[in-house]
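Taking the hints into account, I'd like the entire structure generated from these sequences.
Residues per chain are reported as follows:
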Amino acid sequence: MRAQAPVIGRELERLDGLWEDGLSDTYRSYLDAVVSYEEEAQPKLALAAALIEAGLRLQGLGGRAAPAAALLMGDLCLARASRLIADTASQSLQVAFARAIEELSATAASGGAGKPVRELLVGALESGR
Amino acid sequence: MIAKRLRFKTSGATQFVDITSQLRDEVRRTGLRFGRIYLQSLHTTVGLAVNENEPLLLRDFQSLLERLAPSGAGYQHDDFARRFDIALDEPVNGHAHCRQLLLTGFATLLVEEGDLVLGQWQSVFAVELDGPRQRQLAVQLDGEFETEGSKSSPLGGEVARRAGRDEHQSKHADQALVELELTRQLMIDPDPVALPMRRLVEAGGKRLRPRLVQLTARIGPRQEPLRAAALAAAVELLHNATLIHDDYVDESTHRRGRPTVAAAEGAERAIAVGDFYFAKATRLIAEIGNGDVTSTVAEALEAICASQIDDVALRGAFPGDHESYLKVVRGKTAALFAASCASGALLSEAKPEAVEALKRYGDLLGTAFQMADDMIDFSPSSGKPVGLDIRQRVLSLPLIYAAEDKAVGPEIRRLLAGTLGDAEVGRVTDLVRSSDALDRVGDEARGLVEAALRELEAVELDGLRPTLIGLAKSAVDRQS
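Sequence order for the protein chains is A and B.
Going left to right, the first sequence walks through residues -6 to 122 as the working numbering numbers them.
Going left to right, the second sequence walks through residues 23 to 502 as the working numbering numbers them.
If you are wondering where the hints come from, they were derived from the structure by calculation, not from laboratory data.
Mixed in with the good hints, there may be bad ones.
Said to hold, decoys possible - Only some residues are given here: those of chain A computed to face chain B with a beta carbon under 8 Å:
| hint | residue |
| --- | --- |
| 1 | A61 |
| 2 | L64 |
| 3 | L65 |
| 4 | M66 |
| 5 | R76 |
| 6 | Q87 |
| 7 | I94 |
| 8 | A101 |
| 9 | S103 |
| 10 | E112 |
| 11 | V115 |
Note that the Cβ used here is the ideal one computed from N, Cα and C, for glycine as well.
Shown next, in the form of structure tokens:
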């Protein structure tokens, strides 16, 4: 198992397998995007962004629908991210994250090709400062 | 008696216009509790029908009408040379008049307990036969209206009537605000996500969660009905978003008498619509600007999702046990009831002890509500298909109790271990009914409601206690 910040470990309850399955890499890839936030908030915000990205991928949003079990795991990732954001982020960042998911899902529903998830989430982190 | 006109515009030559939700709205708006709605088409080429709103079936009806009265089949009515006083824009529509003869121009619908009496699959249609046009139906509502006061109120007399009338008016004003907010939000969203959600929202639902938000938002000193309605509508959207994903997971074909989003538009669309409204609802709540409210609802959403995973996992050990059942139900159903109560109170800046008491009230009420829902699965008069929970292997307390029963338990467990066809589901349903399981669940649900009401005893509720008591009791003593 790769090392986690203590605060992250508490937030991975029921998602342990995902951490080894790439969530840890996704998390690390967002750390650069959160450096301008308070130090205490950085790991939670990076994890929230990583959970959204992982959750949407698990659900198969914009592609082939995931089987039920994967969809539910994806839902839990989104819900966990939502709670982390509610507890940690400013109102403007909460709104920016939500709008990113709205844009992604509306594009997926219309069958179009939208911006990559990461681009939208990094954009949300920048605009929500 | 209240008389109205229902106006609508059609967009096709032949079109089945589902007017069920408009009729339900009229019943709500007018406060008709028990009685009838009389409908009459005011056109010779518009009929009425009560049938299932299933898109392919509607196409079958159109084909049937076309076969029985084909257009352009040489109707004498269309031979303008033989008619007198015809208008310049007289349509060629002999087929439409003949088709109307096959339908009806009149309908009477029953209303009980403030809602239309319709079966699970029934919708009310105005059938356009010569559109597109502007159309209208005459509507009369007759019977016992709520505004006359509640005669069964324990308070009795004029005070009770006035209190009942005030409460009734307040309830309707609250409902109208939430419906308006839902409509407003759904109007501004992109069609691919808004249309499926609009169909689900317009199909009805009890709106218990928004009601709880609005009621509890009247408890503290900061009472702002518009903010409360915004929060209530967001909670309702969130609830519906979870239902859209649930229906895909459960492979449900219908909800509230309509095809589910997954069944009608595919799993991919259902996932996207659920995600969109999950995000939108959380954004709307964030925009209200109360951090405690945002966190409270976010925690509930997390509990719902975790319990959904447990629920599906437990289907491998169907029917499960009482402890697992309570764990799942407290997350899946009760968490959002509790959050609705707490978030409304937080919004109104109620005292912490009131917020906590209301949260416990919501938790107990939500659990009791789910137990009542489980019982309805065994009721032939609910308007819902009997035995659906059994067929879908959904956790159900009556089934858990019946499976523990010495007399019927062994046969139930044997049947549940095999393939569940119509015969097996029917037999399990009969066995559950023959046991004391339903009585036990009913007693347990009522016990939870009593416990929920005890939570309200020690806190100041600004006169809302009777309403919260009534709401809790009606959530359990219901038929659908």
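task: Check each numbered hint from earlier against the structure, then list the numbers of those it violates in ascending order.
output: Checked against the structure, the hints that fail are numbers 10, 11, while the rest are satisfied.
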